[in-house]
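Going down the list, the protein sequences come from chains A, B and C. Going by the working numbering, the first residue of the first sequence is number 1, and it counts up by one from there. Going by the working numbering, the first residue of the second sequence is number 100, and it counts up by one from there. Going by the working numbering, the first residue of the third sequence is number 362, and it counts up by one from there.
Source of the hints: derived by calculation from the structure; they are not laboratory data. Just so it is clear, CB atoms sit at the ideal spot from N, CA and C, and this is done for glycine as well. A portion of the hints provided could be inaccurate.
Stated by the list, open to error - Selected chain C positions facing chain B (in silico; Cβ < 10 Å):
| hint | residue |
| --- | --- |
| 1 | SER416 |
| 2 | ILE421 |
| 3 | LEU425 |
| 4 | ALA432 |
| 5 | GLY554 |
| 6 | ALA558 |
| 7 | THR571 |
| 8 | GLY695 |
| 9 | GLY699 |
Said to hold, decoys possible - Derived coverage of chain A by chain B (criterion: at least 3 residues anywhere in the stretch with Cβ under 8 Å from a Cβ of chain B; other residues may be distant):
| hint | region |
| --- | --- |
| 10 | 12 to 26 |
| 11 | 31 to 43 |
| 12 | 54 to 60 |
| 13 | 67 to 73 |
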Amino acid sequence: MSAPHTRAALTRGTVVLDAERCKGCGLCIPACRPNVLAMGSITNAAGFNLPELRPGCTGCMACAEICPDFALEVWKFAEPIVMDTPGVDADGDKADGEV
Amino acid sequence: MTTVDIHAAPDRDARRVVGFKPDLLQSSEHDLCPGCGHPIAWRLVLDSLVELELSHRTILIAGHGCYTQMMRIADLDSLQCLHGRAPAVATGVKRMVPGTAVVTLQGDGDMVSEGLHEVLHAAARGENVTALLFNNGVFGDTGGHMTATTVIGQRTKTSLDGREAAEHGYPIDVAKLLTQIEGAAYVARGAVNTPGMIARTKRMIRRALELQMAGAGFTFVEVLTMCPTGWFVPTADGPEYLEDSMMETFGIGELKAPPPAD
Amino acid sequence: MAPRLMQGSDAVADAAILAGCRFFTGYPMLPFTELLENMAKKLPHAGGVCINAESEIEAINMALGAAATGARAATGSCGQGVSLMQEGIAELALNELPLVVFNMARGQQDYFQSTRGGGWGDYRTITLAPKDIPEAVVHTQLLFYLADRYRTPVILYGDYVIAHTSVGIELEKLDFGPLDSKESWALDGTMSGTGRARQIWTWARGKPNTPGPGPSQAWETIAEKYAEIERTEQRFETYRAEDADTLVVSFGTTAIFVDRVVDELREEGLSIGSFRPITLWPFPAVGLAEATKGCSRVLVYELNAGQMVDDVRMYAEDRSVIRSIGGVSQDSSGMRQGDLLNADEVRARIRRAVAEPAPSRA
Numbered sequence: 001m002s003a004p005h006t007r008a009a010l011t012r013g014t015v016v017l018d019a020e021r022c023k024g025c026g027l028c029i030p031a032c033r034p035n036v037l038a039m040g041s042i043t044n045a046a047g048f049n050l051p052e053l054r055p056g057c058t059g060c061m062a063c064a065e066i067c068p069d070f071a072l073e074v075w076k077f078a079e080p081i082v083m084d085t086p087g088v089d090a091d092g093d094k095a096d097g098e099v
Numbered sequence: 100m101t102t103v104d105i106h107a108a109p110d111r112d113a114r115r116v117v118g119f120k121p122d123l124l125q126s127s128e129h130d131l132c133p134g135c136g137h138p139i140a141w142r143l144v145l146d147s148l149v150e151l152e153l154s155h156r157t158i159l160i161a162g163h164g165c166y167t168q169m170m171r172i173a174d175l176d177s178l179q180c181l182h183g184r185a186p187a188v189a190t191g192v193k194r195m196v197p198g199t200a201v202v203t204l205q206g207d208g209d210m211v212s213e214g215l216h217e218v219l220h221a222a223a224r225g226e227n228v229t230a231l232l233f234n235n236g237v238f239g240d241t242g243g244h245m246t247a248t249t250v251i252g253q254r255t256k257t258s259l260d261g262r263e264a265a266e267h268g269y270p271i272d273v274a275k276l277l278t279q280i281e282g283a284a285y286v287a288r289g290a291v292n293t294p295g296m297i298a299r300t301k302r303m304i305r306r307a308l309e310l311q312m313a314g315a316g317f318t319f320v321e322v323l324t325m326c327p328t329g330w331f332v333p334t335a336d337g338p339e340y341l342e343d344s345m346m347e348t349f350g351i352g353e354l355k356a357p358p359p360a361d
Numbered sequence: 362m363a364p365r366l367m368q369g370s371d372a373v374a375d376a377a378i379l380a381g382c383r384f385f386t387g388y389p390m391l392p393f394t395e396l397l398e399n400m401a402k403k404l405p406h407a408g409g410v411c412i413n414a415e416s417e418i419e420a421i422n423m424a425l426g427a428a429a430t431g432a433r434a435a436t437g438s439c440g441q442g443v444s445l446m447q448e449g450i451a452e453l454a455l456n457e458l459p460l461v462v463f464n465m466a467r468g469q470q471d472y473f474q475s476t477r478g479g480g481w482g483d484y485r486t487i488t489l490a491p492k493d494i495p496e497a498v499v500h501t502q503l504l505f506y507l508a509d510r511y512r513t514p515v516i517l518y519g520d521y522v523i524a525h526t527s528v529g530i531e532l533e534k535l536d537f538g539p540l541d542s543k544e545s546w547a548l549d550g551t552m553s554g555t556g557r558a559r560q561i562w563t564w565a566r567g568k569p570n571t572p573g574p575g576p577s578q579a580w581e582t583i584a585e586k587y588a589e590i591e592r593t594e595q596r597f598e599t600y601r602a603e604d605a606d607t608l609v610v611s612f613g614t615t616a617i618f619v620d621r622v623v624d625e626l627r628e629e630g631l632s633i634g635s636f637r638p639i640t641l642w643p644f645p646a647v648g649l650a651e652a653t654k655g656c657s658r659v660l661v662y663e664l665n666a667g668q669m670v671d672d673v674r675m676y677a678e679d680r681s682v683i684r685s686i687g688g689v690s691q692d693s694s695g696m697r698q699g700d701l702l703n704a705d706e707v708r709a710r711i712r713r714a715v716a717e718p719a720p721s722r723a
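Full structure from sequences and hints, please.
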């Protein structure tokens, strides 16, 4: 398991998820090179769990390429930004009081 | 909010680097299992066709299997043919419309069990078609039965305790057989279980199509794909299972290729 | 083209090329082999492709592929090889693809195979059984037309006599009328990437942008088509049958022997004529019912253990007694047209049948 996220991450891009196409297979998660995808607890209408994205996306497209359901779209920012993850401490764990 | 919103396009200056759906899909909706490797490989084929400017001059011939759905959603002039016969059908097609890119799509049950005869003879004749084998070592569409590429130890509904050589015989490596046939110009095997493998496999598919259009002879790309349903493994374990089981028997790489043009 | 002596296989090959055949494939098997040889020699010069297939299964599937592009294509074998093609023939029928299949048969034991079919599903194959080489040459061209007109595989039921004997013949190109364009369904790759790509698939579900009617409707369409063919394409020939009390039914080259014996027996005062189905399917039911109206006896002379006689029983006038007087014809070559393809044998069997008292009908 790679190192957990730091609180602030240089983020070059992002993804958009077509929630109704997603079948919760989870292939995108180990495929993600910067390891910023994780399985979430939200489900779509079909009952599949949807993935979640944390700051640090590099726009590498690995997730979109491995998605069997064509449910991911990848964007690259004109300028990389430092994204904070509110409610997450330096070890990547939830800060006290946060759900 | 601990995560980034991924249900809407970004609200900052950004460009889309990959859209949801390849151009040559009429729809991305399909009923294949979660974690199925076939659509991953199919995207590589469709993107390659577009990149090589073959969108308006491709004919697809598909066999019978889960992947037949992918023929249905593809924006390609298509024919579904009898089990195992795609390379023979492709021969008739290509001889009549030789300027067209002719691609066959078969699973391991279709090609290596039922249709071993057809693929070997099409290769021997050096037919200028690209034969694709999406190999997941199982008859997925019928519910998970042993094929000619099921590896030793793999459990299926007809090898419940795992395939055993003494009882079930050995798997056949059709790619290796094809390297022995002179009419086969390009023989390669990739996989879609990791991003690295996906990138390598894309290059193989592109090369095969380029060689077809250059009239080099029979081109063949086998892609190892995940079938967690047929393998009785959890969906997320598909990629690792593919590496541990299938890749041990079926090596990745270009098994036969013409020397690069100067 | 002036008349010249040609072997039947040669003439049929020329007829196919005249009809526009541009793809041919086959696996060598006598008496079909010479047709393959002739096509291998001639078709490339006509701008076509001839492939020596590695099996009959390959052959029918290669031919299907060629037909799917809209080309006029053909294949063939003899009955035992056509057995291997049954799945492919059914697939052509269910996909509504045209193809001409030359069965240069060993005898007449392929009647069931041709008219009932050994493939899966509700389909039929128009089957023409020429009696000689001149008719085979006409039928060959007609079959390419019928295949395209009805979008279905069709069969020429030839045999050793037609394939291997020679006649003086002059071929002419025949025109059977206009045909619809194949553009709406034939695949050439050009509709790929337009959002309206074409698809040939027996499930008939179509693609997302162009949904198809689905399998149930597709079956219905095909069944209606074969019903129409059954109504409109029956073909037959009668010889001296108008006032005949005994009618001999036979098909193919056997009919030549039967007709000669009819003449001889008429000389002896027998009231006899013949009926020859030209289409084995659709069986000329209307013609047979008419021809057997005044007959007390219908004799079926076919070189098999009794196949066409089933259809004769179904359609002949109820008053007639129907007897099978043929049999399996053997010879040392295995071409199944030996001892029974013989006028003396035909005559003897007719005389024996006519001499029998008509059995009482309960």
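Contradicted hints - numbers only: When the structure is compared with the hints, numbers 8 and 9 turn out to be violated.
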